[in-house]
Each structure stands twice: as C-alpha cells, then as structure tokens.
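First residue of the sequence shown: 4, per our numbering; consecutive thereafter.
Any given hint might turn out to be false.
As the list claims (entries may be wrong) - Per label pair, the in silico range of CB-to-CB distance:
#, residue 1, residue 2, range
1, D6, H205, 44 to 50 Å
2, V93, P56, 31 to 37 Å
3, A33, R217, 47 to 53 Å
Calculated from the structure, these hints are not laboratory results. Quantities reported herein were computed from a predicted structural model and do not represent experimental measurements. Just so you know, even glycine gets a beta-carbon here, dropped at the ideal spot from N, CA and C.
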Amino acid sequence: MIDWQSRVRASPELFPLTLDPATDQVELIALQRVDYERASFLDARLPPSQMLPVSYAALAAAAAGMPARCDYIFHVGHVGSTLLSRLLGVHPSVFSVREPQVLRTFAQVELTDEPWRGDDFDARLSTLLALFSRTWTPAQRALVKTTSLVSELADRLLRAAPRSRALLMTVRPETYLATILGGPNSRVELRTAAPARLARLHRRIGGQGWDLGRLSEGEVAAMSWACEMAALATAAAQQPGRTAWIDFEGFLREPRAGLASALQHLHGAADPEEVERLARSAYFERYSKAPEYGYGPDVRRAVLDTARREHAVEIHRGLAWLAAAARAYPSLVGPIESAAAFDHVA
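Required output: the full structure, derived from the provided sequences and hints.
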C-alpha cells in the first residue's frame, strides 16, 4: 500500500487537485518541482496523470497539525498576476502555487452556502491551505495565486492563515475594458463568467440592480471589473496591514520598484541583487500563461491601442455604466474611485 500520508506531510509532491462537495472525496496528483514551475493552472489542464483518490477525513487526519502559512495574489483577472507569480517564483524564498482548482470549488460553495456551512467550510479550507503551504525547502514560503473569482474569499483566506499577506492586482477600468474586449478568448470567458459575477455583485449591494440580458458587452466587462474590484477592496479594508495594491500598468513602467515593493510586503525585505535578477527575467517578453509564446510590453501596448480604436463605443458604454453604478450604489464608490489612486501606489 502506498504510504501517501507520509508523503503528504513531507513535501508538496502530492497535490490536492479536486475536492468533490457531494462525496467529500479528494483526488491527489503527483507533481514535481518542474511541474509547479511549468503550470499556469493547477487544475484539469495539467498533463494527464494517475490520480490517488482519498476521503477528505483521511486527508485531514494526515494533515493534522500542519500550519496554514501561505501568502496570496488576488486579482481582477487579466492584469498580469501570472507574470508576477512566475517572476516571484524564481526568488529562492518563494514557492509559487498557481490557481488551485480546489479554491474555485470553495468559492462556488460559498456563493451557494451548500453543502458545507460554518465550521465545516472553515475546517476544509484550513486543511487545503495547510497543504498549499508546503514547500520544497525550509527557506521557502508558498505564494498562492488564485483565480479571480476566488477574490470573493480573500478576507476569509487571510483569516484562515493568520500570518499571511496578500498582493491585490488590478488596473484602471478603461485599461481592463480594452484588455478584455481586445482578446477573443477573454471575450468568451467574459460571457461565461458574467452570470456568477453579477450574482456576486448583487449579493454585495443587497439587491437586484441589473438584468444581464440588457447589458452590452462593454457594460458586462465593466460589471465584471466592479465585481472583482469590490471583492479586493473589501479585503483591503478588512485586512489593511496585510494587503498591498499593485497596479499592473505601474508595475510594467517600473518593474524594479514593483518587485521590490511586492517582496518587502511579503517577506519584509528585498535584496537589490535579487530584484535586479528578477527584473531581467525573460518572462517579461513571454506570454505568462503559455511561456512558449512571445508577448512583451510592446506587443501588449499595441493590442490595447487596437482595442481602444475598434471598441471605443463599448469602452465608453462600460465607463458610463460604472459611473451610473457608483451613483446608484454608494458601496461601489470606494472600489471604483480607488483606481484613481494607482499612480501613487508603489
């Protein structure tokens, strides 16, 4: 019989890929360092591999006493979070864990409040965070880059790992709208994710403010930004000493300052030589989710310029929707207006 319990405690080798809420069964997959380094998503997009099914109860017993002490990158989506995760993952003190599928499961369960509630939800979350906190060396600390919808759980995740810190990544609304509308794949994702995002936004404002069928594509993109930005702003307000904003546009303009700021927030120090090494990384010239493809800042700028020309009407509609939303719902004023301060964020 495989002694999987000892392997779970020894290293990140056995990774909890899925947790089925209906059966409480977990599927573990064997990953090596290089697998973590290559993966943009720790989900079904990993190369096919044999799974080891175990019950959640057995996994919780195996992980008993293991601490949850990981840090996080939360974001609104399409704002360079994968790039930052890859860059920081090169640092000897950082072990990057990108987009665990299980956290999306928790976000979906939290929205419906089924089948886990209260202590049952928190116990499962703490167990999984303890497993995400494992590292290959004692000098490392895990940095979990979540999927954007997991931002709804940001405050809860920070409370579950009491000494954790988080980077909150976003861009101004106009840049976000151009980014989404300028990419065919992102536009498909926009439509797919819109119903859940609108449900989350309605829950946040405490009412049914909008009919998705009446929103144009630019307005849906603006609603999506508002939903994710409101989640991040809530976490920032509730955990002010443990969160730090990163504006992706500012980060690309001054990557050394951005990297130093991120490392100082997460680890309390940033060695200038390490910052310089990271700032010279080839990742800046690659498409972060698929590094085999080139995609540097100049290409990104050209794509955004084209999107601004071709989708000017929808970008205008989206910005007008945000202004109207802020007038109608005061709780959205802070998240929307906070973007104006990004020039002053280190």
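Quick rundown of the hints versus the structure:
1. D6 <-> H205: 44 to 50 Å: For D6 and H205 the Cβ distance comes to about 48 Å; the hint holds.
2. V93 <-> P56: 31 to 37 Å: holds, 34 Å
3. A33 <-> R217: 47 to 53 Å: holds, 48 Å
Checked against the numbered hints listed earlier, the structure breaks none of them; every hint is satisfied.
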